[in-house]
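Number of protein chains: 2
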Amino acid sequence: MSDKIRIGLAGLGTVGATVAARLLQGAVPRAKLVAVSARDAKKDRGVDLSAIDFVADPLELVAHKDVDVVVELIGGENSTALDLVEAALKAGKPVITANKAMLTAHAAPLSDLSVGAGVPLAFEAAVAGGIPVIKTVREGLAGNDITRLCGILNGTCNYILSRMEAAGLSFADALKEAQELGFAEADPTLDVSGADAGQKLAILSALAYGVAPDMDNISVTGIEAITAADIAFADEFDSVIRLVGTAARSGNGVYHSVEPVLVKKSQALAQVLNELNALSIAAEPLGAMMLQGPGAGGGATASAVLADIADIAAGFGRPLFDMAVSDMTESASQNAPASEFYIRLALADQPGSMAKATQILAENGVSIEEVVQRSSESDDSYLPVVFITHQTEKPSLDAALAALEQQSEICNAVLALPVFAD
Amino acid sequence: MSDKIRIGLAGLGTVGATVAARLLQGAVPRAKLVAVSARDAKKDRGVDLSAIDFVADPLELVAHKDVDVVVELIGGENSTALDLVEAALKAGKPVITANKAMLTAHAAPLSDLSVGAGVPLAFEAAVAGGIPVIKTVREGLAGNDITRLCGILNGTCNYILSRMEAAGLSFADALKEAQELGFAEADPTLDVSGADAGQKLAILSALAYGVAPDMDNISVTGIEAITAADIAFADEFDSVIRLVGTAARSGNGVYHSVEPVLVKKSQALAQVLNELNALSIAAEPLGAMMLQGPGAGGGATASAVLADIADIAAGFGRPLFDMAVSDMTESASQNAPASEFYIRLALADQPGSMAKATQILAENGVSIEEVVQRSSESDDSYLPVVFITHQTEKPSLDAALAALEQQSEICNAVLALPVFAD
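First to last, the protein sequences are chains A and B. Sequential numbering from 1 applies to the first sequence in the working numbering. Sequential numbering from 1 applies to the second sequence in the working numbering.
Certain hints may be false.
Which copy is meant is left open, because identical chains are indistinguishable; a pair holds if it fits in one copy or across any two.
Claimed, not checked - Computed list of lysine-lysine pairs in DSBU-like fashion (alpha-carbon distance at most 35 Å, straight line):
{"no.": "1", "residue 1": "LYS4", "residue 2": "LYS93"}
{"no.": "2", "residue 1": "LYS264", "residue 2": "LYS176"}
{"no.": "3", "residue 1": "LYS356", "residue 2": "LYS264"}
Honestly, the hints are just simulated from the structure, not real lab data.
Just chain A, same shape as in the assembly:
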């Protein structure tokens, strides 16, 4: 049928194979798979591609006379994936990608190519997998002023934190379990450091606020320092710990952070368990809403790619961010909103150390709402203590933490997490 858009698909991993299978089943009536490219032409992927043109070099898809739209599922932020996407856009062929690392590392030139020539570059699969967060932020809330986005954007971290919570595991053991189940990579750094969530947040912020993606604007803290004791303390405050990416209006700009936060169990983000992702959106006049679902995995990511294909097939493709990065004028703010904080430290088991610690907090303008001190089962000379502060400005907190860290004779292992506010 010549009225169908014809798809050239590069990359036949789990996602690519699922997309191919669904297209061959007619799941997107107005689209047709015509060509694929992958490293190994012969590998069994559970889908019969014998009737589909196979090209060894993905770049051949660009010049391929039957290909109208290129789907890039190769991955990696440079080299082949980037070459393919740039070449396709230059040739005026719409592109669909799941490649968040590429989109954030090369946001400006890709937006120039896509916006400049009005060639669609669709990326629903790049953020939160199968949950249509891009469509929701860009289209579903068009006409709103978004005031805050808070997302659980990394399934690996959420799995680890959920398992620490449910089974009392250490970070290391929960990570190991996640690796065994395929929820974490052999090298988990990109996930547990918060960097992956940061890339996704940068993409969302470009759409929601028009802030040019720049990882330097995002305060990123991973989950490596979270201990089983923190999870247990959080439970005493009827809370859990979640890695939350936040992009919120603050002062004259938008403040971005990815960090572990204390979330009350009654709040919706606390109910997001295991490998699920979620995005909570506050907007005017809407109010607040939340989406949750599978943020990764072959089926979920394929779902997002198929939705992009359907949009482009319907003539509803959009250029990257709808706006060239060079035209994005909204500024990133360095001012973290004031917050309550959870401060955990190990306090020397000797007279006067609690008095000294609380004095340091007070001197720096940090006022305490609750304290929990536990007796240790071992005969450690340091005992874990947790303070929950009243609303505190971030500079006051930072000064207090720095002062505490200098008092190594009375305390160590200092960690502070914001308390999530509705």
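Given chain A's structure and the hints, the job is docking chain B onto it.
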């Protein structure tokens, strides 16, 4: 600017006034408000409409030379609203409406007008208020096979059930509170009977499965029979009661129901509180996802209308259901999926009545998983008893209930609710 689409807005209640105010603020850059119609031209609505053309008769918006798109926020399923929408579609002018009653009562002729001539008829605001459920089902999950939709689609019912749960109120007292707070109408029948949720479910099912909207296909039970005792019993099973609209593949068609169901507190739908709405979607290859947010209210509904305006302004308008109702071939199924059930009854406080009741259940193939019997504080001669059944076919349940109801000397006040399954 002549490249903006020009909006004619009929109906200036809370939603209409918010839409007008946002358009005047430039919230949708490609759209411009040019004409409004309302009963009272002079009423203060908190928005300065002095520069906007006012027409007394909404139908004048159709012939108005400056109006490109008509927004119908009059409400009511017949008369003016329907006349306006039909006239606009006949004139080739795209229409945006929040009017679920009109869409379900006149689905076939409206789809003929819209689909036949390819004139957009957008209705995001008709279901779940500000939550973009229409966009998610139609676009965000394009390329998926949807297997089940389960929604909390009526904020009034959810508010009443939540308050019965949180404050131990009776249905009547919770309804009264909802009315005082503006969450329920003076005549709440349409809401508490489940009819409103049924209309929304019919619209979702047309989109998700291609089932022609027909209220006769939907098994609708309201929440009027739910007592404070049921809420307390549910709590003993670590569950709550929610009014859930379900459209699920079953047998060779799609089964539709709106009914109160028992939902485990650990399930996401149980966390949806007060006036919020939610939609849980199971689809292949996606998996499962959920959206929640404000299902009613001026701001939320205006948000959905503004999103529809932005889509049409971007050239992305779609005809009603994308398919004429006369072309919808998917059939509605009368076969409820098998389920566990909560059966509550009042059992005569006399020897043998429990034996008789359980015998009736067993004779009808209903097997019991749990029983809770409470001693009554009063000296009633009937005591409340609850059974949770194993997986049971609906015809078996219905036969058992009918048999129980004939045994009025041993039991009365029989009520059965399905137990929600993930």
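Status of the hints after comparison with the structure:
no., hint, verdict
1, LYS4 - LYS93, "both (15 Å within a copy, 27 Å between copies)"
2, LYS264 - LYS176, "both (27 Å within a copy, 31 Å between copies)"
3, LYS356 - LYS264, "within (29 Å within a copy, 47 Å between copies)"
Of the numbered hints listed earlier, not one is contradicted by the structure.
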